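J.: Top line first, the protein sequences correspond to chains A and B. Heads up, the first sequence is in my numbering, so the first residue is 1 and it goes up one at a time. Heads up, the second sequence is in my numbering, so the first residue is 1 and it goes up one at a time.
Source of the hints: derived by calculation from the structure; they are not laboratory data.
Facing chain B, according to a computed beta carbon distance under 8 Å, are these residues of chain A, among others:
id	residue
1	G100
2	A109
3	E120
4	L160
5	A177
6	I284
7	F414
Listed below are the simulated DSSO-like cross-link pairs for lysine-lysine, each with C-alpha atoms no more than 27 Å apart in a straight line:
id	chain 1	residue 1	chain 2	residue 2
8	A	K403	A	K263
9	A	K131	B	K67
10	B	K70	A	K131
Residues of chain B clear of chain A, computed beta-carbon distances all greater than 12 Å:
id	residue
11	E27
12	R33
13	A37
14	Q88
15	H95
16	A103
17	P289
18	R371
19	R372
20	G377
21	A389
22	L425
Just so you know, these numbers come straight off a predicted model, no measurement behind them. In this text, a Cβ means the ideal position worked out from N, Cα and C, and glycines have one as well.
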Amino acid sequence: MTTRRRIAITGIGMVTPVGNDVPTTWANLQAGRSGLATIRHFDASGFPVRIGAEVKNFDAAAVINNSKLLKHSTRSHRFALAAAEEALTDAGIRPTVSDGHRWGFCVGAGMMGVDYRELEIVQKFCAPDGKFQPDGFLAENFPADPVAFCRSQTNSGLALLTRHFGIRGYATAVHTACASGGQALGTALKAMRRGHADFMLAGGFDSMLNPIGLSAFCLLGALSTDNDAPERASRPFDLTRNGFVLGEGAAFLVLENWDSARKRGAKIYAELAGDGNSLSCYRITDSPPDGDGPIQAIRQALADAGSSADEIDYVNAHGTSTQMNDKSECAALRSVFVNQISRVAVSSTKSCMGHLIAAAGAVEAAVCALAIRDGIAPVNANYSQPDPDCDVNIVRAKSQPGKIRAAMSNSLGFGGSNSSLVFRNPSEVDA
Amino acid sequence: MNSPRKIAITGLGVVCGAGRTVEEIFEAIVSGRSAIAPITQFDASRWPVRVAAECNVENKILVTDRKLHKSISRTDIFGIYTAESAIQQSGLLAHREGLDDAATIQFNDRSGIFAGSGGGNYGCNYDFFQAMAESAGDLKKFGEQFAESVNPMWLLRNLPNNVLCHVGIRNHFKGTNACITNHCVGGAMAVAEAAAAVRAGEADRAVAVGHDAPFEPETVFHYHRLGLLSPEMVRPFDRDRSGTVFGEGAASVMLETAEDAETRGAKILGEFLGSGCLTEATGVLDIRPDGDGLSRAIQMALADAEISAEAVGMIVAHGNGTHASDASEAIAIRRVFGENPPPVTGFKWAYGHLIAASGILDLVFALTALRRKIVPGIATLNLTDPEFAPFPVSKTAQQPRSAIALVLCRGFGGMNVALLVRANL
Numbered sequence: 001m002t003t004r005r006r007i008a009i010t011g012i013g014m015v016t017p018v019g020n021d022v023p024t025t026w027a028n029l030q031a032g033r034s035g036l037a038t039i040r041h042f043d044a045s046g047f048p049v050r051i052g053a054e055v056k057n058f059d060a061a062a063v064i065n066n067s068k069l070l071k072h073s074t075r076s077h078r079f080a081l082a083a084a085e086e087a088l089t090d091a092g093i094r095p096t097v098s099d100g101h102r103w104g105f106c107v108g109a110g111m112m113g114v115d116y117r118e119l120e121i122v123q124k125f126c127a128p129d130g131k132f133q134p135d136g137f138l139a140e141n142f143p144a145d146p147v148a149f150c151r152s153q154t155n156s157g158l159a160l161l162t163r164h165f166g167i168r169g170y171a172t173a174v175h176t177a178c179a180s181g182g183q184a185l186g187t188a189l190k191a192m193r194r195g196h197a198d199f200m201l202a203g204g205f206d207s208m209l210n211p212i213g214l215s216a217f218c219l220l221g222a223l224s225t226d227n228d229a230p231e232r233a234s235r236p237f238d239l240t241r242n243g244f245v246l247g248e249g250a251a252f253l254v255l256e257n258w259d260s261a262r263k264r265g266a267k268i269y270a271e272l273a274g275d276g277n278s279l280s281c282y283r284i285t286d287s288p289p290d291g292d293g294p295i296q297a298i299r300q301a302l303a304d305a306g307s308s309a310d311e312i313d314y315v316n317a318h319g320t321s322t323q324m325n326d327k328s329e330c331a332a333l334r335s336v337f338v339n340q341i342s343r344v345a346v347s348s349t350k351s352c353m354g355h356l357i358a359a360a361g362a363v364e365a366a367v368c369a370l371a372i373r374d375g376i377a378p379v380n381a382n383y384s385q386p387d388p389d390c391d392v393n394i395v396r397a398k399s400q401p402g403k404i405r406a407a408m409s410n411s412l413g414f415g416g417s418n419s420s421l422v423f424r425n426p427s428e429v430d431a
Numbered sequence: 001m002n003s004p005r006k007i008a009i010t011g012l013g014v015v016c017g018a019g020r021t022v023e024e025i026f027e028a029i030v031s032g033r034s035a036i037a038p039i040t041q042f043d044a045s046r047w048p049v050r051v052a053a054e055c056n057v058e059n060k061i062l063v064t065d066r067k068l069h070k071s072i073s074r075t076d077i078f079g080i081y082t083a084e085s086a087i088q089q090s091g092l093l094a095h096r097e098g099l100d101d102a103a104t105i106q107f108n109d110r111s112g113i114f115a116g117s118g119g120g121n122y123g124c125n126y127d128f129f130q131a132m133a134e135s136a137g138d139l140k141k142f143g144e145q146f147a148e149s150v151n152p153m154w155l156l157r158n159l160p161n162n163v164l165c166h167v168g169i170r171n172h173f174k175g176t177n178a179c180i181t182n183h184c185v186g187g188a189m190a191v192a193e194a195a196a197a198v199r200a201g202e203a204d205r206a207v208a209v210g211h212d213a214p215f216e217p218e219t220v221f222h223y224h225r226l227g228l229l230s231p232e233m234v235r236p237f238d239r240d241r242s243g244t245v246f247g248e249g250a251a252s253v254m255l256e257t258a259e260d261a262e263t264r265g266a267k268i269l270g271e272f273l274g275s276g277c278l279t280e281a282t283g284v285l286d287i288r289p290d291g292d293g294l295s296r297a298i299q300m301a302l303a304d305a306e307i308s309a310e311a312v313g314m315i316v317a318h319g320n321g322t323h324a325s326d327a328s329e330a331i332a333i334r335r336v337f338g339e340n341p342p343p344v345t346g347f348k349w350a351y352g353h354l355i356a357a358s359g360i361l362d363l364v365f366a367l368t369a370l371r372r373k374i375v376p377g378i379a380t381l382n383l384t385d386p387e388f389a390p391f392p393v394s395k396t397a398q399q400p401r402s403a404i405a406l407v408l409c410r411g412f413g414g415m416n417v418a419l420l421v422r423a424n425l
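Chain A with its partners taken away, still in its complex shape:
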């Protein structure tokens, strides 16, 4: 039997609520510094929830330096462009005219492409009194903007990035709500194993921090309403947790075949070793209390990595800070890790970064790779009152040093899609 291709992570880029690049993000996560604050980039003062995890001081023009590209990009596309650029620079390799067709692209893309200002134009012309009248589009002075239309397509991020970077191979965009980023990386891994790409730019981007996105989550009652103490509002696994904090951002990883990465002397953060996916088939927003669904994803990821619970030293949990999710995820972890559960360090970096929705899984995969490189399990901030339903080994108070042989990242989405990824320390591969 031919041996399966081993896939290395050789580049990382991030734009997050705690930093506009990898070094800043990673330093802040290790220090447990919060990126959560009162929402600034639109007036959220009338909303039931007024806090969020915004990307701050992001100067798109400075990072991207291409006016045409800026015009064709939404807020979240710009995060994606910056993160992808950082990842490729970090990897020290990028698509060329001669090998662009061997590069693939997989992304977990957010569901919102229409800018609120564009929606306001449609409302003004087609629904001045609130009731939609299609003929409003036909008004002489309707300011039709084909560029805005292009920005709003489900795969416009894919279109923008593949064109900009000259990626001409396998390409896909996925959306399974909060599991999107994890599933994008899993899809990338599998496409590379079957030989459909030799290099991959894979990740996620999202921003639902706009009046419609914020409204949508407020209506569902999924968000923390701790408007007066935003920095403590996201407290995954804590007894007093009361919802998640909506974030935004992007992360991309450069993936390549292990052997060719070694051959070119690339630094390897980790092996992207295994992917597991399942559907909970329970309810659309609720998580199964017994962890059924996430359990299968986690088991599959371990099996796919040729790994076992014994090898995992760190779990970057989905840990949204909602009552149901955290309880369900802990039940799943206990069920899989059994007697290892007290040994495995678990933290949710959403405690500092909030929930980046379709980008969450990609950002958290990047965190796992960095945790392996530096031998540090980042802290689960804001954890003070243990919940008996979340009886796992939470990284509390401060980040925890120690070699990580393998790490796991879980992403559990609305709609019941679950993704679990396993990352292996290069020293364990070469051993």
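With chain A held as given, fit chain B onto it using these hints.
T.: Leaving out everything else, chain B in the frame of chain A:
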């Protein structure tokens, strides 16, 4: 090395403007009947484009659980209907009935779902118009008032991955899954990814779904402004083609290992052979005139299926009827197949362009055509564009050269997908 697992197709499901069974729609195709007609879903009487292939079946006929209608949108109803038609036809649920508890759990955990979703629409945001009108640009006021006029379940109704969720819940398929939101190629990629998952042993079976309800005033408006829409009909590869026409609906394919299908005595309709999916990196709208992306996707699919171009017996082209796409598609086909390509046809003249559902719907009818040993003609074709004639398209039916069809699908983002399927005759 074990030989790679062969992928059997054991169930199909379809709904579009031309009908809601494979037989009904195929009959419309072979008799030259198009479902393209005046738009009724909104008053288009003053619009420059007034036609589409609307699906006029009531929601309750497609999905009988009326309670579910409140928490999903129409595209999801199309998707759920076809996925369940395909699952039903495969006989897998009856097979599961006969399993013991442990085997049932195993069966469910090894059953995947792959959806290609249109990924949301413009209209869902209009639910906020009342709150926007009342707050007149005052966001503070909007924030205080939106909850009075917007359904609390708004986000859930509009999740792009609803079909995964509900097909999963209703059928207990709990295995590996994906929701692909890659414009027109979503449905075609759903089949490709589902087959790859089964082939790699990540699942034992998977249903692939593509669903979309792409035409609404805002999309018609923008596509028209971009010159992509015909005001009358789709004429693939015709000299006088003037653009595409929207359709809506869904299609599904049940895939499983050939070994399982044979063991349980299922009727095998065909075999999924391979796929190629890639971008030509041209941005949202542009298409390379030299057919680069599409010809590479075809080569990738042939390599994936381990067959030669000569083995292909017919081609179901994307043929969306726009000038640039059809011209570059003809060039790509010639690049791979030389001067003597197998018969080429396309179906969008009959049921419109279903965007995310288009490729998988074409796959179902490619397989059906192979099984009936006929390459249906393009009823709207008058004169093959001299720019690329001679080209093996025809107004009347042709004969497939073999039992293998190549299905092509293209979309925004420079996306090109090629699928290969063999009919079990």
